[in-house]
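Enquirer: One line per chain: the protein sequences are V and A, in this order.
Its first residue numbered 0, the first sequence is counted upward by one per residue in numbering that gives the first Met the number 0.
Its first residue numbered 0, the second sequence is counted upward by one per residue in numbering that gives the first Met the number 0.
Accuracy of the hints is not assured; some may be wrong.
Subject to a maximum C-alpha distance of 30 angstroms in a straight line, what follows is the list of computed DSBU-like cross-link-like pairs (lysine-lysine) [unchecked claim]:
| id | chain 1 | residue 1 | chain 2 | residue 2 |
| --- | --- | --- | --- | --- |
| 1 | A | K615 | V | K260 |
| 2 | A | K508 | V | K334 |
| 3 | A | K448 | A | K420 |
| 4 | V | K132 | A | K613 |
| 5 | A | K615 | V | K323 |
A few chain V residues that don't get close to chain A, going by computed Cβ distances all over 12 angstroms [said to hold, decoys possible]:
| id | residue |
| --- | --- |
| 6 | P35 |
| 7 | E62 |
| 8 | N124 |
| 9 | E183 |
| 10 | D208 |
| 11 | I213 |
| 12 | R242 |
| 13 | P268 |
| 14 | P306 |
| 15 | K334 |
| 16 | L335 |
| 17 | V342 |
Have a look at the derived ranges for each label pair, beta carbon to beta carbon [unchecked claim]:
| id | chain 1 | residue 1 | chain 2 | residue 2 | range |
| --- | --- | --- | --- | --- | --- |
| 18 | A | K321 | V | S214 | 54 to 62 angstroms |
| 19 | V | E274 | A | K135 | 44 to 52 angstroms |
| 20 | A | D648 | V | V180 | 46 to 54 angstroms |
| 21 | A | A436 | V | F218 | 53 to 61 angstroms |
| 22 | A | L660 | V | C246 | 25 to 33 angstroms |
| 23 | V | E241 | A | A583 | 30 to 38 angstroms |
None of these hints come from the bench; they were simulated from the model.
The beta-carbon is built from N, C-alpha and C at its ideal position, and this holds for glycine as well.
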Amino acid sequence: MSEAIKTAAPVEGEPMPAELKTAEIPTRRGPAPGDPEFLGALRDCCRSLLAEGHVQRIIAYRETPDSLRPEVAFFASPEETGDLVWDLFCNTNICKYLLDYRTFEGRIGVVVKGCDARGVVQLINDMQIPRDKVEIIGICCPGQIDPAKVESAAGEAWVSRVVAGPDSVEIVTEEGTEMRVPLESVLTDRCLSCRKPNPPVADVVFGEDQKGRISDEVFEQIAELERMSSAERDAFWNRHFERCIRCFACRNVCPACSCTKCVFDQQEPDWLAGERNQANQHFFQITRAVHVSGRCTGCEECDRVCPVGIPLRLMNKKLWKDVKDLFDSPLPGTKLGVRSPLVMWDPKDADSFE
Amino acid sequence: MKRIGVFVCHCGTNIAATVDVEKVAESARHLPHVVFATTYKFMCADPGQKLIADAIREHALNRVVVAACSPHMHERTFRKAVERAGVNPYLMEVANVREQCSWVHRDKPVGTEKAAALVAAAVAKVARNVPLESGKLPVERRALVVGGGIAGIQAALDIAESGYHVTIVEREQSVGGRMAQLDKTFPTLDCSSCILTPKMVDVGHHPMIEICSYSEIESVEGYVGNFEVTIRRKATSVDPDVCTGCGECWNRCPVKKLPSSFNMDLGHRPAIYVDFPQAIPNVPVIDRANCTYYLRDGKCRVCEKVCPTKAIDFTLEDRLVKERFGAIVMATGFQTASLQQYPEWGLGTYPDVVTGLHFERLVSSTGPTEGKIKRPSDGKEPKSVVFVLCAGSRDEARGRSYCSKACCMYSAKQAILLREKIPQAQAHVFYMDIRTAGKDYEEFYMRAKEEYGVNYIRGRVAKVYPEKDHLVVRGEDTLLGRPVAVEADMVVLAAAIEPRADAAALAQKVGISYNRDHFFSEAHPKLRPVESNTGGVFLAGCCQGPKDIPETVAQASAAAAKVVQMFSKDALVSEAQLASVNEAWCIGCFLCQPVCPYKAIQPKEIEERRGRDKIKRTVSSVNTGLCQGCGACAVACPSGAMRLNGFTDEQILAEVDAVCL
Ligand SMILES: Cc1cc2nc3c(=O)[nH]c(=O)nc-3n(C[C@H](O)[C@H](O)[C@H](O)COP(=O)(O)OP(=O)(O)OC[C@H]3O[C@@H](n4cnc5c(N)ncnc54)[C@H](O)[C@@H]3O)c2cc1C
Ligand code: SF4
Ligand code: SF4
Ligand code: SF4
Ligand code: SF4
Ligand code: SF4
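Work out the full structure: start from the sequences and follow the hints.
Expert: Below, the structure written as structure tokens:
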């Protein structure tokens with residue numbers, strides 16, 4: 000274990016139901032991203048986890064020729080961890096890859112941001128993977144950069160690398176020109192309104208707790224939608240839904256979508272007919288949003304991956320707002336052992352039907 | 000080959016008046032797989048059922064649709080009819096063309112069109128039905144009765160007399176309930192104790208009845224025929240096997256002035272006590288919250304010293320006893336409303352404003368005044384008493400819309416008792432309506448008015464307030480249309496009968512439903528009035544709704560008959576329309592588990608082939624003994640792995656398509 004990692008108090012979480020219970024592993028803390036020691040310490044940590052047999056696989060990121068787009072990688076041996084990276088371009092939520100290890104014999108380490116960690120916790124709470132099978136290597140996330148925003152800031156020029164500082168980033172082009180832009184101008188949309196950048200549950204944490212960014216933009220947009228007449232709202236969503244090409248990327252990346260036989264893939268009954276009419280487009284969108292409601296962790300990965308830019312976050316957040324108002328439950332994925340409020344009975348539940 | 004027969008019922012004119020049944024049959028003939036369609040005046044009657052059976056044989060039908068009344072009414076009838084003719088009962092569907100069609104439409108063409116659509120939906124569904132088989136469940140032939148009032152006592156005696164073991168769980172020290180608190184009973188004015196005590200003695204001595212008094216239900220698990228109940232036997236501090244009930248202890252206990260809840264706090268009891276002299280079991284309990292021994296670290300011990308049989312044991316602790324029962328009778332009775340929402344009547348403020356139950360204790364010869372009616376404030380004999388009916392009942396605005404049913408009659412009784420005991424006293428009754436439906440009830444009320452000169456004033460009481468040494472009752476005489484003020488030495492409020500404070504919590508423990516007033520709900524208000532919605536749980540007495548003693552006893556005997564009927568079978572037939580899991584699709588997320596109100600869903604490990612490997616994984620499984628086929632799990636399951644047999648997605652969608660496409 001690296002010297003830089005010191006032991007800290009365990010991360011808080013609800014007591015787990017019996018079937019989820021596992022020995023409490025004390026959380027250790029390592030240096031923050033941005034600290035010159037950070038990457039070395041992270042690699043050391045992953046290396047020793049593999050070397051000492053604590054885990055048999057690590058899911059993390061690896062450099063690619065495109066420095067704005069590291070890729071997800073699976074590390075099976077200590078030697079491979081030299082390639083491992085973590086920078087401000089690790090946008091992909093990797094938690095979903097855990098499902099490929101449902102029947103893997105051995106433990107898996109995952110290197111996760113706050114939003115990814117919620118996905119891991121949600122998979123645990125949805126009983127898709129036992130807590131003790133996962134080593135959660137958490138990073139208190141300073142916010143991720145949207146490569147597209149960097150590229151548009153650079154204009155015509157090719158970007159060769161980006162050096163991130165605490166408040167601004169330096170963009171270096173192929174031609175060697177350097178330009179400095181404020182960090183906020185290139186952060187991803189979801190990070191601009193991220194309130195929970197710290198992993199709620201982890202075995203190792205890198206960095207000190209981040210404050211996150213408190214923007215109400217999403218909820219303001221939702222309020223605006225709520226104020227619309229139903230015809231206006233219908234027109235609003237119709238404009239978006241009709242563009243959906245049903246690639247199912249939104250579902251595939253979603254930590255709340257763990258079904259092996261998703262309703263949209265079923266033939267008998269064929270819930271989602273092939274024809275791209277308004278009814279079917281709406282049916283797909285509404286069904287997906289409702290299926291994940293109460294379990295959607297608000298990671299906004301679906302929104303990020305949608306190739307046609309449908310603002311799925313608005314639907315997800317609206318449903319979350321309603322669930323929270325009705326059942327006063329914690330954001331999914333922030334506490335171990337919490338089941339979706341939509342499948343729990345409690346005599347104290349709001350009864351808005353009376 | 001699917002061969003569907005459609006049978007459209009006229010239901011006299013109930014359906015035929017607003018639905019052209021012939022047209023409906025004709026349109027059915029053109030539906031896929033339908034090979035026969037006809038109509039008949041009363042399908043449920045014998046000839047109607049025979050018509051179905053004959054058609055099944057003649058046209059080789061293998062599926063049937065009956066277009067008639069709600070399946071709630073006759074689904075079972077028609078299932079049996081087709082089964083007798085050799086068709087699996089679940090290959091029969093009812094199209095509800097009465098409650099959902101003819102009764103709600105006036106226009107015949109519209110009604111006809113809708114009926115045809117409902118039939119088309121049922122035909123589409125039945126074409127996708129598969130035969131279902133019921134399983135068999137063993138029965139534990141022991142009954143649990145919760146509550147030992149007259150309802151619980153009667154039910155227990157009837158079940159025990161049929162030869163089955165019964166356990167009564169009673170919260171108080173003694174069985175008897177409210178009836179033990181009453182003085183005389185309408186309409187015959189026989190003494191309540193005189194008719195109740197022999198029954199109490201019977202349950203006390205019956206070899207097949209065990210009384211767990213001073214006990215409560217901790218938890219209920221299991222299902223019809225196989226409940227597993229944990230009973231909390233509260234620590235009594237007295238060994239029941241040794242105690243002879245001699246009374247030395249309760250006569251000598253130095254703590255004498257504790258309010259006696261049996262006497263509605265009008266009298267006192269010691270810290271070691273029996274509820275009343277005829278208590279069954281006649282074994283006292285120590286009220287630990289008020290006993291000096293427990294309050295002052297082992298001081299006092301008087302009872303222990305005086306007990307000739309050394310029955311006192313201060314070290315006893317609550318015990319949790321787990322027992323198996325096949326059936327449960329709920330008989331937890333009622334309490335009367337606190338009337339906090341009615342400050343204008345002054346209950347709790349003026350000592351001489353009391354409720355009917357207080358008055359019962361004041362006229363009872365076993366009560367705190369030994370049967371002499373004395374007003375609580377100064378013990379004076381009242382010369383004028385005002386009875387207020389509907390106190391808290393029939394008042395939607397302040398929470399209770401229902402009629403408490405017994406008050407008209409018991410207030411007439413109490414007025415008569417007052418006039419008998421104090422002939423010079425005046426009795427006034429403020430009422431909204433007088434309801435005397437019941438054998439000899441109207442006559443009883445007329446006697447109160449005519450023979451006993453009880454003064455009935457129609458109107459609501461607006462205010463009760465003290466003046467000098469008496470109370471004034473102000474109200475409006477709505478027959479004369481003017482305000483009235485009556486001087487009274489005592490005011491007796493016929494406080495609303497409501498379920499026990501813990502009724503809802505108990506219902507949740509037992510897994511039965513209750514209405515908005517927290518009375519336990521019967522499975523059908525007319526046809527299944529003593530069954531709850533949960534198999535094997537039956538209802539008796541005031542916990543199901545306000546009623547008087549004759550009705551309570553009748554319901555208790557009916558509940559007992561249902562229990563005995565269940566116990567007389569070798570095995571129970573389990574429901575066939577239950578949930579089942581498509582294991583290949585199930586991902587073991589168990590979103591289905593917490594929604595199941597009957598705790599029927601458990602994890603199960605299966606082995607599966609993955610390529611060349613064999614893997615183990617956990618999926619959901621349904622306990623067919625526990626599942627009641629409610630379908631909640633099927634809705635919670637995101638991927639559709641959970642299905643409700645008889646109501647699968649394919650079947651429902653086929654119905655929707657038949658109506659909408
Ligand atoms: C003032 C008044 C006068 C009346 N006079 C007459 C009359 O003259 N004639 C007539 O026909 N009817 C009369 N009635 C109506 C009569 O009292 C009821 O019909 C009858 O008592 C109902 O019996 P029960 O067994 O349902 O309820 P209860 O008598 O209330 O018995 C319920 C029993 O269950 C027990 N219990 C409750 N909760 C629990 C629990 N959680 N666990 C275990 N045990 C529990 C209680 O301690 C009690 O022993 C009168 C009612 C009132 C209020
Ligand atoms: S959309 Fe629904 S059925 Fe499909 S994977 Fe997500 S939760 Fe499962
Ligand atoms: S629905 Fe979208 S935001 Fe919600 S958990 Fe799934 S991917 Fe994340
Ligand atoms: S990612 Fe976007 S385009 Fe693809 S299925 Fe989801 S909403 Fe449709
Ligand atoms: S249908 Fe499902 S939820 Fe309902 S009782 Fe059966 S298993 Fe439980
Ligand atoms: S039946 Fe459905 S809800 Fe239940 S565990 Fe399986 S997939 Fe989950």
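Enquirer: Could you run down the list of hints and mark each one as holding or not?
Expert: Results of checking the hints against the structure:
| no. | hint | result |
| --- | --- | --- |
| 1 | K615(A) - K260(V) | 18 angstroms, holds |
| 2 | K508(A) - K334(V) | 28 angstroms, holds |
| 3 | K448(A) - K420(A) | 16 angstroms, holds |
| 4 | K132(V) - K613(A) | 20 angstroms, holds |
| 5 | K615(A) - K323(V) | 36 angstroms, violated |
| 6 | P35 | 43 angstroms, holds |
| 7 | E62 | 32 angstroms, holds |
| 8 | N124 | 9 angstroms, violated |
| 9 | E183 | 37 angstroms, holds |
| 10 | D208 | 31 angstroms, holds |
| 11 | I213 | 32 angstroms, holds |
| 12 | R242 | 25 angstroms, holds |
| 13 | P268 | 5 angstroms, violated |
| 14 | P306 | 24 angstroms, holds |
| 15 | K334 | 16 angstroms, holds |
| 16 | L335 | 15 angstroms, holds |
| 17 | V342 | 5 angstroms, violated |
| 18 | K321(A) - S214(V): 54 to 62 angstroms | 56 angstroms, holds |
| 19 | E274(V) - K135(A): 44 to 52 angstroms | 48 angstroms, holds |
| 20 | D648(A) - V180(V): 46 to 54 angstroms | 53 angstroms, holds |
| 21 | A436(A) - F218(V): 53 to 61 angstroms | 59 angstroms, holds |
| 22 | L660(A) - C246(V): 25 to 33 angstroms | 29 angstroms, holds |
| 23 | E241(V) - A583(A): 30 to 38 angstroms | 34 angstroms, holds |
Consistency with the previously given hints fails for numbers 5, 8, 13, 17, ordered from lowest to highest.
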